[in-house]
Amino acid sequence: MEDAKPTHTSSAPARHQGSCHCGAVRYEALLSLEGASKCNCSICVKLSSITGITKPDAFKLLAGEGSLSEYAWGNKTATRYFCKNCGVHCFARGYLDVLGGDYVALNVTTLDDVDPNTLAVVHFDGRHNNWMAGPRPAPWPVFG
Amino acid sequence: VNPRRPPPATARHRGSCHCGAVRYEATLSLEGACRCNCSICTKLSSITSIINPDAFTLLAGQANLREYAWGRQSETRYFCRHCGVHCFARGYHPELGGDHVALNVTTLDDVDANGLALVHFDGRHDNWQAGPRSAPWPVFP
Chain A
1282 MEDAKPTHTS SAPARHQGSC HCGAVRYEAL LSLEGASKCN CSICVKLSSI
1332 TGITKPDAFK LLAGEGSLSE YAWGNKTATR YFCKNCGVHC FARGYLDVLG
1382 GDYVALNVTT LDDVDPNTLA VVHFDGRHNN WMAGPRPAPW PVFG
Chain B
80 VNPRRPPPAT ARHRGSCHCG AVRYEATLSL EGACRCNCSI CTKLSSITSI
130 INPDAFTLLA GQANLREYAW GRQSETRYFC RHCGVHCFAR GYHPELGGDH
180 VALNVTTLDD VDANGLALVH FDGRHDNWQA GPRSAPWPVF P
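Chains as they are written, first to last, in my numbering: chain A, 1282 to 1425; chain B, 80 to 220.
Please note: incorrect hints may appear among the correct ones.
Below 20 Å or equal to it, Euclidean Cα-Cα: the simulated DMTMM-like pairs (lysine to aspartate or glutamate) are [claimed, not checked]:
| id | chain 1 | residue 1 | chain 2 | residue 2 |
| --- | --- | --- | --- | --- |
| 1 | A | K1365 | B | E146 |
| 2 | A | K1341 | A | E1309 |
| 3 | A | K1365 | A | E1351 |
| 4 | A | K1365 | B | D133 |
| 5 | A | K1336 | A | D1383 |
| 6 | A | K1336 | A | E1315 |
Source of the hints: derived by calculation from the structure; they are not laboratory data.
Construct the complete structure from the given sequences, taking the supplied hints into account.
Laid out in structure tokens, this is it:
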């Protein structure tokens, strides 16, 4: 994890299990929930997702490859995967130098052993491409 | 809901999935917009506002909607087959006045959901009689 974002380096990763709602898609992942983030960009707002970044080799799809639909848009830096039966967005795959290259962005709300309300979620201003502002405890506005 | 209290003012809102295939408009009050700790509401992280079906108009995307119902099938959730965004649900509950539409407020294009005073239900434990509260209900145990 040493090449992940600085916000994800300071707590030990643990193994978590996740799934969509209908159970067709199941995965496990090694990740730290410190630095789990929300973002005000168009897709993160629609999905109200909480993101935890991990490396592709720390992510294992256990079931449901054939049940996944892909969604990519704009400059297609990331592809989001959702269950075509229940519509739950489970994870995304992408490549960004600042995230150490290839990464998997888990939707932490789909982890079966985590109560997302107990997490200290940080917030990014993705809507305005204002990544250099870094994470902060309060949400960034959608308008203005 | 206190029946003696005047109903909150409603406004017209527009909503959509992410790719734009599904578009709708609805007249609703965002007072009482809620989260719930049940299995699907947690996975989707959705924010729900309940309205009458006649206050909801699907403007585009009927053919792009996929349906998801489970368990007792008391409601059907609709998501866009292209981008996977859950926009609304339809259901029937006598305590909600019969037929209803449950909008996912996070898909409204003119609302910043972080500015809403949300309330929370303990749907996971079928504890509806506890009513809404300002703090989230736990997922575990």
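We went through each hint and held it up to the structure:
1. The straight-line distance between the Cα atoms of K1365(A) and E146(B) is roughly 10 Å, inside the 20 Å bound, and the hint therefore holds.
2. A hinted pair counts as satisfied when its Cα atoms are at most 20 Å apart, and K1341(A) with E1309(A) qualifies at roughly 5 Å.
3. For a cut-off of 20 Å, the pair hint linking K1365(A) to E1351(A) stands: about 9 Å separates their Cα positions.
4. Taken as a hint, the K1365(A) and D133(B) pair is broken in the structure, with Cα atoms around 29 Å apart against an allowance of 20 Å.
5. With a CA separation close to 7 Å, the supplied pair K1336(A) and D1383(A) stays within the 20 Å bound.
6. Taking the CA atoms of K1336(A) and E1315(A), the gap is about 15 Å. The hint holds against a cut of 20 Å.
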